[in-house]
Structure formats: C-alpha cells, structure tokens
Amino acid sequence: MRLTLLLDMAAEAFGHRVLSGPRSGGITAAQLAGRSHSGAGLVREHGAEVVVYLAVNGPAFPVALFAAARAGVPLVPLNFRLGQRQLDALLARHPKALGIADPDALAHFERAGIDAMTTDEWLAQTCVDRGEFSEAGAGEEGAGEGPAAVVIYTSGTTSEPKGVLLRHENLVSYVLGSVEFASAGEAEAALVSVPPYHIAAVANVITNLYAGRRTLVLEAFAPGQWLRTVREEEVTGAMVVPTMLARIIDCAEDKSVPSLRSLSYGGAPMPAVLIERALREWARVDFVNAYGLTETSSTVALLGPTDHRAALESPELAVRARLSSVGRPLPGIELEIRGPGGEILGAGQPGRICVRGGQVSAEYAGLGRALDDRGFFDTKDDGYLDEEGYLFISGRTDDTIIRGAENIAPAEIEDVLLRHPAVLDAAVFGVPDTEWGQRIEAAVVVRPGLGVDPAELRDFTRRALRSTKTPDRFWFLDALPRTETGKLLRRELPDAIHSCDAIHSRDGIR
Amino acid sequence: MAVKFRVGQQLVSAVDSTAVIIIRAPDGECTLTCGGAEMAAAGEPVSAAEPDRSLMGGTQIGKRYTDQADTLQVLCTKAGDGTLALDGKPLVIQAAKPLPASD
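Those sequence lines, one after another, are chains A and B.
All residue numbers for the first sequence refer to this note's numbering, where the first residue is 3 and numbers rise by one.
All residue numbers for the second sequence refer to this note's numbering, where the first residue is -11 and numbers rise by one.
Worth flagging that the hints you see were computed from the coordinates, not collected in a lab.
Each hint should be verified, as a subset may be incorrect.
[As the list claims (entries may be wrong)] Calculated pairs, EDC-like style, for lysine to aspartate or glutamate (alpha carbon to alpha carbon, straight line, at most 20 Å):
#1 K85/B x E134/A
#2 K(-8)/B x D40/B
#3 K66/B x E134/A
#4 K85/B x E336/A
[Stated by the list, open to error] To give an idea of the chain A side of the interface with chain B (calculated C-beta under 7 Å), a few residues:
#5 M11
#6 F183
#7 G187
#8 E188
#9 N206
[To be verified] The calculated label-pair distances, taken between Cβ atoms and stated as ranges, are:
#10 P450/A x Q82/B: 52 to 58 Å
#11 P333/A x P78/B: 56 to 62 Å
#12 P423/A x R12/B: 40 to 46 Å
#13 R12/B x G370/A: 23 to 29 Å
#14 I81/B x L369/A: 48 to 54 Å
All C-beta atoms, glycine included, are put in the ideal place defined by N, C-alpha and C.
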C-alpha cells in the first residue's frame, strides 16, 4: 500500500481542490498528483536512491514527499539548523541522493558531492510534464517489504540521532485508521508551524490530503505572525507544540481567532497551567491533545474536545485530572503498561508504555525493528492508565530520578515550578549523590523583570508536593536547551549549567 | 474462482470503473465480485464482463466495505456502478468513526 494511492484517490475525488498554499494559486490535488509523476521522473533521471529535503516547510515539501513515494525512494527531511559537522555526517549516510534545499543550504550538498536544487527550482521543474511515472511492482509488496517512505532522524535528546524508517504501510495505516476520506469542508484550512523534519509535518501532509483539507505553512514561527495568519487566511485548524502555545498566549497581540475551530497540540509535555489558560482564552475552540512518537507514525492516543471541556468543568477530581492526560488510544492501537519484568499492569499502576498496531514502525536504519515477540514496541515513556483508560505520561524512562528508593518523574516537579508566577521555564534532573544515590536539582528561567530566590521556590514546591520531591538546588539560566519543537535537550543541560554564574545559582538574582 | 486475498492487494472490476484495496483479508479462499462479475488483480488484463443488472447499487470512493461477519474489509479507491459482494453476499459500507484532527 503506497502513499501515492492516497494521493490518486484525492485527485480522483476532489482534483480541483487546493490542498496546499493560498486559496487562489495554491496547488490542487490533481496538480500535486501531476507533480508527483514529474518529480519521480526527475528522481530517476538523477539516479537518486533517496530524496533529501533541507529547507523550511512549504509547498515544495508535499511535492517532494509524493514524488519520492512515486519513485519508490525514501524522503529524508533534515534539520537545516544543524551544525555543519552534524549535517556532513548525516549526508554521508545518503551519498546517492537528490537534494532539495533553501538557497543558503545548497552548499551542504555541494560539499557532500550530491546533486541538488533549490525549492523554487524543484517547484518549477516538477511543473514540467514528464509523462506518467509507472510504479512497477508497487502493488506486489507484502508487509515489511518495499522501500521506506520517509526516514526521520530522532532529535537525539539523550543520544546520537537515529534514522527512523517509516514504511508506506505504516503511514497509510495511520491515515486509514484516523481520517475519514474527503471529510473536510471546502472552507477548511489547517495551519502548520512544525518544521518538515518532524513527524507531525509528514503526518500533517498526508492526513489533510486524505481529508481534503487545505494546508498553509508558517515557515518560521512567530506568535504575532501565527495569530495574523489565522485571522487573514481564515484558518479553521492548527497544530502547535507547547512552546509555541506558550508564546502565543503570553504575547501582547490581539488574540482573537474567530475562524479557528480546532487546535491540536503535542510533541512535548504540555504544562497544565498553560493549557488551562489557553482553554479560557479560546473557550469556543476544540482542543485536541495528541501523544505519539516518530516511531509510531505520529498520534497513538488523543484527548478530544469533549474531554477537555469536561476536565475544566467537572466537580470530579478524576475527570479534572484528565486535562493532564493524553486521552485514550486510537482504535487501531493496542496499548499496554508493563512492569519491570514485562508483566502487564492494571489501572493506576505506573510502568512502561508499549504499543502495537499497523502504524507502528519501530524500525531504525541499520538496526532493524525494535518489537518484542508479540509485536509490541516499548516507547521508553513511563505512564499509567486510569480506570477509564485515559493515559497519563510521567516522562521518559531514562529521565526518571531515583532518590533513595523512590522513583521521581521530573515532569511532576516541573509542572509545579511552572505554576510559580516568576518562572518562565524549568527543568528538573537527578545528580549523583553519595547519600541518596541521586538528588534533585532544577534549572529555572525567570520571567524578564521578575526575581525569585531558591528558598521561595523550595517552599513553593514543598507545599504542592512533599519534601522528597523538592529540589535541593536551583540553577538560574537565561534559557534552557530545547529543540525547536520544545523538547528539552537533557544531554546539553550540564553544559548550560556549568557555563552559568555560580553566584546566580545561590541567590537567584538576575 | 475462489482465491486467497492478502492485505494491500488491489483489485479492479470487470463491469465498471470500481477499484478496491484489501484492508483485511479472510483466512480462507473466497470470491469477490462487483456487479456480479469476479474482480481481477490490478495490473492484469481484465476481460470485460456483462454486469448483473440486479447488482448495480454503486460504490463510493473512500468508503470501506465489509461483509456481515467482518472477515473482509476493502477500501474503495475508485467509484463505479456495481455492487461489491463476497461469495454472493453484498458488502455493506462500514460506518465512519470520526476522530478529531491531531496533526
């Protein structure tokens, strides 16, 4: 089952509909199908075995995705903000590539000796009719065979980046399991702010195509620009990561969004205080919280609009708590919480989150598939299910602090710190300790113009949690090392702390 | 002629423009027809057949069709005029369970 099947269905059923770009002058479903044939021809002319995309998100991206799919080669979107050494190392893994790049990124391909063109050239070239590209053997492939559709390098928050292979069948399975064909109205438009090397950007292209929904791209996220685009383009739906939502809610601009009907968020943990503010700011908007990984072709669990409203209004504690959950698994996903010995745990018991389903790839370049003998993938996220099957994520297993015999999830303490009015950002981590094995420390970014001292933060945390969960030491930084999509880069945290002034760490004065 | 289907297999109608892809395949062999005529594997030559006039209810693109026991599930990838049937029993449209957009 190739991705092009979805595109061909869209071209057949609503070929005239604009799927990417402005309502007039954007690319229609039929044009996208035409460009995918032309682009596949180009890929073949270059003898490329992979298409590497090194540019901001834009109309060239869906064309690249479907041209690569048509040609039967993977699309590899790379992070254009990576350093030269990291990019050289990644490009060296894909010598027989065709590159598509922003003008200032072409040099990376030149250095690597890879044929490349700019996104504008790519859009001009794929307008040229090269005839129909025949996908020989595409229908004959069984499960697990055939080329990968997309390779996404993990952000490497804890280790070196790994290439996650997403096969056509994983992505098609995700779309068929979560989207009804042609279900979007003619006036619907989705605003995309995630970079193209993020799984949400890939999922965004294929799910909106199948729904028949136009997508618009914000190349570089800025809160004011986001708000203006929503109003001017009458955007009806959008996806943001928590850091983007925080900046939108915090900014001083006009926050009216009359056309916006739904807003989904994911990609990193959402602080409870932030989503509560957003729900009050935009009471009419349907909020959706999605939890997923690159390895699972995006979303595996979601918390829908009804759940959000119920959580905000319910007198019941268990229902209110669900605002901090990621909702329930998608129909096509089986989810288990497992203990240290692999045993399946019941409601309320925390353990490792494991998932199974057609959309789960769990496949890494050069390493194979990381599935157990029952076909489950260990997400390496810790969490638990409540009595009604709502999933609560406590954090990455690797990030868990073990103080004495107690397992402590940094997220729980971070959530409390973020409720302090002077705290803009916070990260909690374990440090080796002779007495406790690990002790808790916190890195905090104070809101500009405000001040807070460690004693106050310590009291504030102790009142909400308890003393064993109270950081022993606070470090005050100007910013935390985060990826563009808001994931904390824990391995860069020690460097960030060591470069900060030790006096600041004691008195917290900025 | 009864055959064993596999997931991902694409089939085309011999009487109209209908095309489907197998989403769930029954364990044993079976016969899938459209407009009363057996469907052929996509890419293979199709000899046009006379449709059974009583089996021309039509197919809709993007809809999933299933048998009563839900052993077979197909996705219609091209619409046509025929009625899909498994071993002579017409398939029915599977009701959509819409999820909110999350990407």
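Consistency of the hints with the structure:
no., hint, result
1, K85/B x E134/A, "violated, 35 Å"
2, K(-8)/B x D40/B, "violated, 24 Å"
3, K66/B x E134/A, "holds, 18 Å"
4, K85/B x E336/A, "holds, 17 Å"
5, M11, "holds, 5 Å"
6, F183, "holds, 3 Å"
7, G187, "violated, 12 Å"
8, E188, "violated, 16 Å"
9, N206, "holds, 4 Å"
10, P450/A x Q82/B: 52 to 58 Å, "holds, 55 Å"
11, P333/A x P78/B: 56 to 62 Å, "violated, 25 Å"
12, P423/A x R12/B: 40 to 46 Å, "violated, 54 Å"
13, R12/B x G370/A: 23 to 29 Å, "holds, 27 Å"
14, I81/B x L369/A: 48 to 54 Å, "violated, 42 Å"
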